[in-house]
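Asks: Protein chains in written order, with our numbering: chain A, 4 to 343; chain B, 4 to 343.
If you're looking for bench data, these hints aren't it; they were derived computationally from the structure. Check before you lean on any hint, since a few could be wrong.
In the DSSO-like style, the derived pairs of lysine-lysine whose C-alpha atoms are separated by at most 27 Å in a straight line are [stated by the list, open to error]:
no.	chain 1	residue 1	chain 2	residue 2
1	A	Lys311	B	Lys121
2	A	Lys235	B	Lys29
3	A	Lys282	B	Lys36
4	B	Lys235	A	Lys30
5	A	Lys116	B	Lys29
6	A	Lys29	B	Lys9
7	B	Lys9	A	Lys280
8	A	Lys148	A	Lys36
9	B	Lys235	A	Lys29
10	B	Lys172	A	Lys9
11	A	Lys30	A	Lys146
12	A	Lys172	B	Lys148
13	B	Lys282	B	Lys311
14	A	Lys36	B	Lys71
15	A	Lys282	B	Lys29
16	B	Lys235	A	Lys311
17	B	Lys148	B	Lys121
18	A	Lys148	B	Lys172
19	A	Lys172	A	Lys9
20	A	Lys288	A	Lys148
21	A	Lys9	A	Lys30
22	B	Lys279	A	Lys279
23	B	Lys282	A	Lys29
24	B	Lys172	B	Lys279
25	A	Lys172	A	Lys106
26	A	Lys36	A	Lys116
27	B	Lys30	A	Lys172
28	A	Lys311	A	Lys288
29	B	Lys172	A	Lys42
30	A	Lys146	A	Lys116
31	A	Lys9	A	Lys73
32	B	Lys29	B	Lys9
33	B	Lys30	B	Lys71
34	A	Lys148	A	Lys172
Computed, partial: chain A to chain B, Cβ under 8 Å [said to hold, decoys possible]:
no.	residue
35	Arg55
36	Phe69
37	Gln168
To be clear about the criterion: a stretch of chain B counts as covered by chain A if any three or more of its residues have a C-beta under 8 Å from a C-beta of chain A, and this derived list gives those stretches [what the hints assert, rightly or not]:
no.	region
38	23-32
39	147-161
40	288-301
Where a beta carbon is used, it is the ideal one built from N, C-alpha and C, also for glycine.
Protein chains: 2
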Amino acid sequence: MVSIVKTVLLGLGNVNQRLLKILIDKKDEIAQKHNLSFKIVGVVDSSGIAVRTRGFDYQDLINLKFNKGKVNELDCFLPKAPEEIANCVEADLMIDASPVNLKPNNPGLHLVKSAITKGWHVVLANKAPLVLAFDELHELALKHKTRLAYSATVCGGLPVINVLQRDLKFATLNNLWGIFNATSNFVLQHLEQGGTMEEAILEAQRIGAAETDPTLDLSGQDTANKLYIIMKSFTDFDGTIADIEMEGIQNVNAEQIQQAAQAGTKLKLVAAAFHKKGKWQLSVKPAPVAADSFMGSCDGWEMGIEVKTDLYESISMKNYEADPTGTSAAVLRDMIDLSR
Amino acid sequence: MVSIVKTVLLGLGNVNQRLLKILIDKKDEIAQKHNLSFKIVGVVDSSGIAVRTRGFDYQDLINLKFNKGKVNELDCFLPKAPEEIANCVEADLMIDASPVNLKPNNPGLHLVKSAITKGWHVVLANKAPLVLAFDELHELALKHKTRLAYSATVCGGLPVINVLQRDLKFATLNNLWGIFNATSNFVLQHLEQGGTMEEAILEAQRIGAAETDPTLDLSGQDTANKLYIIMKSFTDFDGTIADIEMEGIQNVNAEQIQQAAQAGTKLKLVAAAFHKKGKWQLSVKPAPVAADSFMGSCDGWEMGIEVKTDLYESISMKNYEADPTGTSAAVLRDMIDLSR
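Bound-form chain A, shown alone (with noise of 0.2 Å):
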């Protein structure tokens, strides 16, 4: 007996295009093995929201994006705001992948929330509301009995909160370090090999894996938005993304890469998170990394993390992801959670 979970989709853009095509691809196995279909009722982006409750098709929505198209076009139109959605249409669930968007309480947020209270379950690719009102949204889904996932913040199909919230769940956090932004790490690269940093950062934009706006990759603000939720996710962390101290890679230059090479070292967007003085000291900024450790192991489109815990000693894991399949792949297996 194949269960229907009623889904919306907010955004259409890089991680939901490629969830649509997975969802395609997976159908029969989702259906077998998990006893999961899911309809999309309802889709927004800047535009507006689209209603169709009998569902849409998926290819339609695959070809309405690939056409430049935004949802105002859709024949089942609704000339509402975005943050209207959950007034317009009866939902399971809805995937956020909309862009980012740090500034407090700006609509996204408000949408998000009106989600919860609905009763609506909600996976997050997107990071904003979780560095906004990581506290208040976990509160808000336990009112309303609703539950929150959100593995495709953090380094796309990487297992990092899932692995640290469920195997490692009663394990004290040490201290930690990671490669979490795959754009800049690939610039870093591009460096390394005598390339310039705008070449790379139309090459990441190309292939999709760029923010919307680099400027959050490069200045360190994607990376800090991620080692935030981890901290909130599996420590007892409880100051907000202004108590990270955050420098970019903006201004690296060939230089620096150069003379860190000659040390043994690559020069790496590097996250950490140390206890000092019984208070947690979290930064982000470039710094070397040994080239035959595992952090210096991390090149180019991969990301990385090396947590050490009470329990565990070390574990470290890292993935290679040059599109964000891998991340509307975390999408899914997130809904996929929630549904059952």
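Place chain B on chain A using the hints.
Replies: Showing chain B alone in chain A's frame:
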């Protein structure tokens, strides 16, 4: 409201010793976060069975083994064969951390089956039942509405099985390779540094990392066992352990290690799975890996795996574990997962 989970321990070796220590250290956290308390109502070793329905004191069991005692020295000892445990006490959960015995239809395997038949959940740190009867045990558990968990059987605390089954659940494996036996990896590193195999094995036994019979480590059998469990858990592989081509490191010599180093590689005991003409090709054998690769970065007391799938490109994980605490912590995460 804390639920009491009546638990039987099979084996009182290194893994269950450290499990008892963690149960003492994390008692409050397990009760607060997971609403669980594990009451040890039975213990079994090669000397027999001891049962105490009001529960053993964790520290008493640690002290018993610390003083080289056996279960038959406990005042609640029952003069019965170990495999009769399921008829001697009421329980919810059994932890099998007894030594690996790969003889077909051995008493240990029957013991696990009788526990499942009684409706007990079973956590395995012992690989043998899975290697001998993977499908049969899963079918039996389904029939008796109990569950098996065995995340501690592969790479200690590294959550290989959980990541493959839960996080990569609708991905299809293209290929994988890994270093699954820390003792042999430590032996190879010790040879690299000019030491002897005998010294390295003694050290591995001293810290409690080697299998009771180190032949299992050196022959590649332990690695093959883990590869088999991975393939049965994550792919459509339907062969037996005998389908794995196996060669150990017993005959590796210093000259081979030096030759590998001169070529910029390291000799490792590598497990690999590839598709060839629609069939799985599985092997365990000494092989050179690039020194600056992820596999090359797994040294000494490290184990690691790299998997390539259709959706996630490449995901790699490794851990450093110089004593069995991570394995014991993995047993505890399985105990919690099964008890909720």
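Asks: Look at each hint and say if it fits the structure.
Replies: Against the structure, the hints:
1. A/Lys311 to B/Lys121: 39 Å, violated
2. A/Lys235 to B/Lys29: Satisfied, since the Cα-Cα distance of roughly 21 Å is no more than 27 Å.
3. A/Lys282 to B/Lys36: 23 Å, holds
4. B/Lys235 to A/Lys30: 23 Å, holds
5. A/Lys116 to B/Lys29: Roughly 35 Å between the alpha carbons, so the hint for A/Lys116 and B/Lys29 is violated.
6. A/Lys29 to B/Lys9: 41 Å, violated
7. B/Lys9 to A/Lys280: Outside the cut-off at roughly 41 Å; violated.
8. A/Lys148 to A/Lys36: Holds, at about 26 Å.
9. B/Lys235 to A/Lys29: 21 Å, holds
10. B/Lys172 to A/Lys9: 21 Å, holds
11. A/Lys30 to A/Lys146: Distance of about 33 Å is beyond 27 Å: violated.
12. A/Lys172 to B/Lys148: 26 Å, holds
13. B/Lys282 to B/Lys311: 17 Å, holds
14. A/Lys36 to B/Lys71: 48 Å, violated
15. A/Lys282 to B/Lys29: 22 Å, holds
16. B/Lys235 to A/Lys311: Answer violated: B/Lys235 to A/Lys311 is near 30 Å, above 27 Å.
17. B/Lys148 to B/Lys121: Holds. B/Lys148 to B/Lys121 sits at ~10 Å (cutoff 27 Å).
18. A/Lys148 to B/Lys172: Between A/Lys148 and B/Lys172 the Cα gap is close to 26 Å, so the pair holds against 27 Å.
19. A/Lys172 to A/Lys9: Status violated; Cα separation ~31 Å.
20. A/Lys288 to A/Lys148: Not OK: A/Lys288 and A/Lys148 at ~39 Å, beyond 27 Å, violated.
21. A/Lys9 to A/Lys30: Given that 27 Å is the threshold and the Cα spacing comes to 15 Å, the pair holds.
22. B/Lys279 to A/Lys279: Not satisfied, since the Cα-Cα distance of roughly 53 Å exceeds 27 Å.
23. B/Lys282 to A/Lys29: Distance ~22 Å between B/Lys282 and A/Lys29 Cα, so the pair holds.
24. B/Lys172 to B/Lys279: Distance ~23 Å between B/Lys172 and B/Lys279 Cα, so the pair holds.
25. A/Lys172 to A/Lys106: Cα-Cα ~32 Å, so violated.
26. A/Lys36 to A/Lys116: Measuring from Cα to Cα gives roughly 31 Å; hence the hint is violated.
27. B/Lys30 to A/Lys172: The hint holds at about 13 Å.
28. A/Lys311 to A/Lys288: 20 Å, holds
29. B/Lys172 to A/Lys42: Within the cut-off at roughly 20 Å; holds.
30. A/Lys146 to A/Lys116: 12 Å, holds
31. A/Lys9 to A/Lys73: Distance of about 21 Å is within 27 Å: holds.
32. B/Lys29 to B/Lys9: Within the cut-off at roughly 18 Å; holds.
33. B/Lys30 to B/Lys71: Holds - the C-alpha atoms of B/Lys71 and B/Lys30 are around 26 Å apart, at most 27 Å.
34. A/Lys148 to A/Lys172: Within the cut-off at roughly 22 Å; holds.
35. Arg55: Check failed: Cβ of A/Arg55 comes no nearer than 25 Å to chain B, outside 8 Å.
36. Phe69: Not OK, violated: A/Phe69 not within 8 Å of chain B, min 20 Å.
37. Gln168: With a minimum Cβ separation of about 11 Å from chain B (threshold 8 Å), the hint on A/Gln168 is violated.
38. 23-32: n = 3 at 8 Å, threshold three: holds.
39. 147-161: With 3 residues in contact (Cβ-Cβ under 8 Å with chain A), the coverage given for the region 147-161 of chain B holds.
40. 288-301: holds (count 5)
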